[in-house]
Amino acid sequence: MTNTTEGSLVCVGTGIQIGAQLTPVARRCIEEADVVFMSVSTHIMEEWVSSMNSDVRNLQSYYEKGLPRNKTYKSMVDVVVHEVECGKKVCLALYGHPGMFAIVAHKAIEKTREIGFKARMEPGISAEDCLIADLGLDPGTCGIQQFEATQFMLYQRLIDPSAYLLLWQIGVAGDLTLTSRTPNKKSLSILLELLFEIYPESHQVVLYEARTTPLTQSRVEYLSLNELSKAQLHDYTTLVIPPCEVMKKNTDIEKRLKLIFT
Amino acid sequence: MKNYIEAIERISLCPNFEQGELDIDSLVSDLNLSEEMITVLKSKDSSQMESILGSQHKIVCMLVPAKDDDDNEDESEDDKSDEEQSESSSLVAVSF
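Chains A and B, in that order, give the protein sequences. Just so we're aligned, residue 2 is where the first sequence starts under the working numbering, counting upward by one. Just so we're aligned, residue 605 is where the second sequence starts under the working numbering, counting upward by one.
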């Protein structure tokens, strides 16, 4: 049942590059909201979002040093939903795509709907979109599989070596405390052990960071997998691993399909 | 700062900036930017821009890599003392 008061939530993405990737509908949502909560990647982007509405509140302060990020996210959700409960038209503006590796937006929408208010998400331009454009990848060519790096380590995943593999947040891979922003050499070496079970040590990979302003360039650094431990990694660095095998045809399925379509 | 943001936004919307075909002076002439900033924009000096405008990366992580087996168990953590919460913060299961 929808609540009869006016409160509502819309989650929008700012895109990755300031000024260039905010969709018209996302801008409208920011401009017309009673209150905007934001979590974006740079101070300049914060200033940019703040210029669109007189009541923009920064969620960055919730990232307290040493506090596990899951606690941080819960606090963020609570403060956003509270304003909806107060009858405000709330906009949550997040870096990139609001639903891409962004648990706060999903949880805030879920919680808002649970208590009977309207909530929705508008799509945005994500780091993955920038990566596809900068590296010239097409998911249709051989497929792309992607995981958050720590999750990739924690769970037994079936990796297809004939498709691309993207590992997000490689710079904090294996950090179970959810407090770190810098790489841990020991956990990185465990990640490499896992990858060496699938890929040759000399396999060429890419470190990717999308550019955030028109003055900067995206980071596209080619290196071999065994050089990864020496590379400079940030919490926003993505590891791109191209296929090391060609796709194997399923001849049995192909025969059956031919019987249908010939 | 507002005019700096406006300048960056205008440049962002110009696809030929990369090729150096953009007349920065005329694009930002009405914004009263400092000479320093105009030089930064013309030279695409990103490190200098960072120091002027603060474009260093902030924390943007917004996901958790693992899920609790029982979400209710996590909910009950809200009632724990600070000490207990501190102990539980290093748990592998991190969903809320």
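Just so you know, the hints here were simulated from the structure itself, not pulled from any lab data. Owing to the predicted nature of the structure, the values given are computational and were not obtained by experimental measurement. Take the hints with a grain of salt, since some may be wrong.
As the list claims (entries may be wrong) - Below, a list of computed lysine-lysine pairs in the DSSO-like style, where the Cα atoms sit at most 30 Å apart:
hint: 1; chain 1: A; residue 1: Lys231; chain 2: A; residue 2: Lys259
hint: 2; chain 1: A; residue 1: Lys66; chain 2: A; residue 2: Lys187
hint: 3; chain 1: A; residue 1: Lys231; chain 2: A; residue 2: Lys250
hint: 4; chain 1: A; residue 1: Lys249; chain 2: A; residue 2: Lys259
hint: 5; chain 1: B; residue 1: Lys606; chain 2: A; residue 2: Lys89
hint: 6; chain 1: B; residue 1: Lys648; chain 2: A; residue 2: Lys231
hint: 7; chain 1: A; residue 1: Lys119; chain 2: A; residue 2: Lys66
hint: 8; chain 1: A; residue 1: Lys259; chain 2: A; residue 2: Lys187
hint: 9; chain 1: A; residue 1: Lys90; chain 2: B; residue 2: Lys648
As the list claims (entries may be wrong) - Pulled a few chain B residues facing chain A out of the computed Cβ check, cut under 10 Å:
hint: 10; residue: Lys606
hint: 11; residue: Leu637
hint: 12; residue: Lys648
hint: 13; residue: Ser650
hint: 14; residue: Glu654
The beta-carbon is built from N, C-alpha and C at its ideal position, and this holds for glycine as well.
Here's how the hints hold up against the structure:
With a C-alpha separation of about 50 Å, the suggested pair A:Lys231 and A:Lys259 falls outside the 30 Å cut-off, and the hint is violated. Proposed proximity of A:Lys66 and A:Lys187 is supported: the alpha carbons are some 22 Å apart, at most 30 Å. A distance of roughly 37 Å separates the Cα atoms of A:Lys231 and A:Lys250; the hinted pair therefore is violated under the 30 Å criterion. For the hint pairing A:Lys249 with A:Lys259, the CA-to-CA distance comes to about 17 Å; that is within 30 Å, so the pair holds.
A distance of roughly 27 Å separates the Cα atoms of B:Lys606 and A:Lys89; the hinted pair therefore holds under the 30 Å criterion. Only pairs whose Cα atoms come within 30 Å are accepted, and B:Lys648 paired with A:Lys231 is accepted, the gap being roughly 28 Å. A threshold of 30 Å between alpha carbons decides the hint, and for A:Lys119 with A:Lys66 the separation of about 33 Å lies outside it, so the pair is violated. A hinted pair counts as satisfied when its Cα atoms are at most 30 Å apart, and A:Lys259 with A:Lys187 does not qualify at roughly 51 Å.
Of the pairs offered as hints, the one joining A:Lys90 and B:Lys648 is violated, with about 39 Å between alpha carbons and a cut-off of 30 Å exceeded. Annotation: interface hint on B:Lys606 holds; nearest CB of chain A at approximately 6 Å, less than 10 Å. Taking 10 Å as the C-beta cut-off, the interface hint given for B:Leu637 is violated, the closest approach to chain A being about 14 Å. A least Cβ separation of about 5 Å between B:Lys648 and chain A falls short of the 10 Å threshold, and the interface hint therefore holds.
Given hint, B:Ser650 at the interface with chain A, holds; its Cβ is 4 Å from that chain's nearest Cβ, closer than 10 Å. Nearest Cβ of chain A to the Cβ of B:Glu654: about 9 Å, under the 10 Å cut. The hint holds.
Checked against the numbered hints given earlier, this structure breaks hints 1, 3, 7, 8, 9, 11; the rest are met.
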